[in-house]
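**Q** Sequence:
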Amino acid sequence: MSVIEKSWYKRPGLLSVLLLPLSVLFWLISTLRVLLYKLNILKAFKAHVPVIVVGNISVGGNGKTPFVIWLAEFLQQQGLKVAVISRGYGGQSDSYPLLVTDETTTTQAGDEPVLIRRRLGCVVMVGPDRQASIKKLEQHDIDVIISDDGMQHYKMARDIECCIVDSERQFGNGLLMPAGPLRETKARLKSVDLVIENG
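Quick note: the sequence shown, position 157, residue 157 per this note's numbering, numbers continuous.
Treat each hint with caution, since some may be false.
Each pair of labels, with its calculated beta carbon distance range [unchecked claim]:
1) Lys46 with Gln77: 20 to 30 Å
2) Lys81 with Pro21: 41 to 51 Å
3) Pro66 with Ile41: 15 to 25 Å
4) Tyr96 with Lys10: 46 to 56 Å
5) Asp102 with Asn40: 33 to 43 Å
6) Asp102 with Pro21: 48 to 58 Å
If you are wondering where the hints come from, they were derived from the structure by calculation, not from laboratory data. For clarity, every value in this text was computed on a predicted model and none was experimentally measured. Glycine included, C-beta positions come from ideal geometry on N, C-alpha and C.
Based on the provided sequences and hints, a complete structural model is requested.
**A** What follows is the structure, given as structure tokens:
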């Protein structure tokens, strides 16, 4: 963990103050981007099936993948055909989107997509371009897509948003990046469908 990251989980000090102007700039750019999507100036793409986004408003894992697995299992028990998309952090494939199979390695797809595939046996697609991943998924017989992360990816329309909050770290010093760990302000939690406290 870097010096800056360590400062996120302490009371705001000199480093946080010095980084605050960059956080204000980050907020302005993020707010403008969200507004452009709300006004339909920037166009979001919509999948042919419902999309559930599982994400967070802070940097870090926060336990999204265990919840994705639980949610997918629950939906499968209701008789739905579930698919999962992921960016596949840590993986390196020759081409994307990458359909994760039983033979796919963590080197290719990253740890979490391989875990999800082995645990659930469902269709899992990995790639940096979520729209391309979804188009590829729609070639399969599926009823619902779960996006592992992607709350801030407003280019992707979603039907349900689930936000995971780390019960120990919470929101750190409460500041936006880079002065703090937040990708969006805590006010964002008011607009999501479900907030899950992990831990």
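**Q** Against this structure, judge whether each hint is valid.
**A** Verification of the hints:
Here the CB-CB span from Lys46 to Gln77 is close to 27 Å, well matched to the stated 20 to 30 Å. Restraint check, Lys81 to Pro21: a C-beta distance of roughly 48 Å satisfies the suggested window 41 to 51 Å. Evaluation of the 15 to 25 Å hint for Pro66 and Ile41 yields a failure: the beta carbon distance comes to about 37 Å. Separation of Tyr96 from Lys10 is about 38 Å and departs from the stated range, judged on CB atoms against 46 to 56 Å.
In this structure the supplied range 33 to 43 Å holds for Asp102 paired with Asn40, their Cβ-Cβ distance being about 42 Å. The beta-carbon spacing between Asp102 and Pro21, approximately 50 Å, falls within the hinted interval of 48 to 58 Å.
Of the hints listed earlier, those the structure fails to meet are numbers 3 and 4, in rising order.
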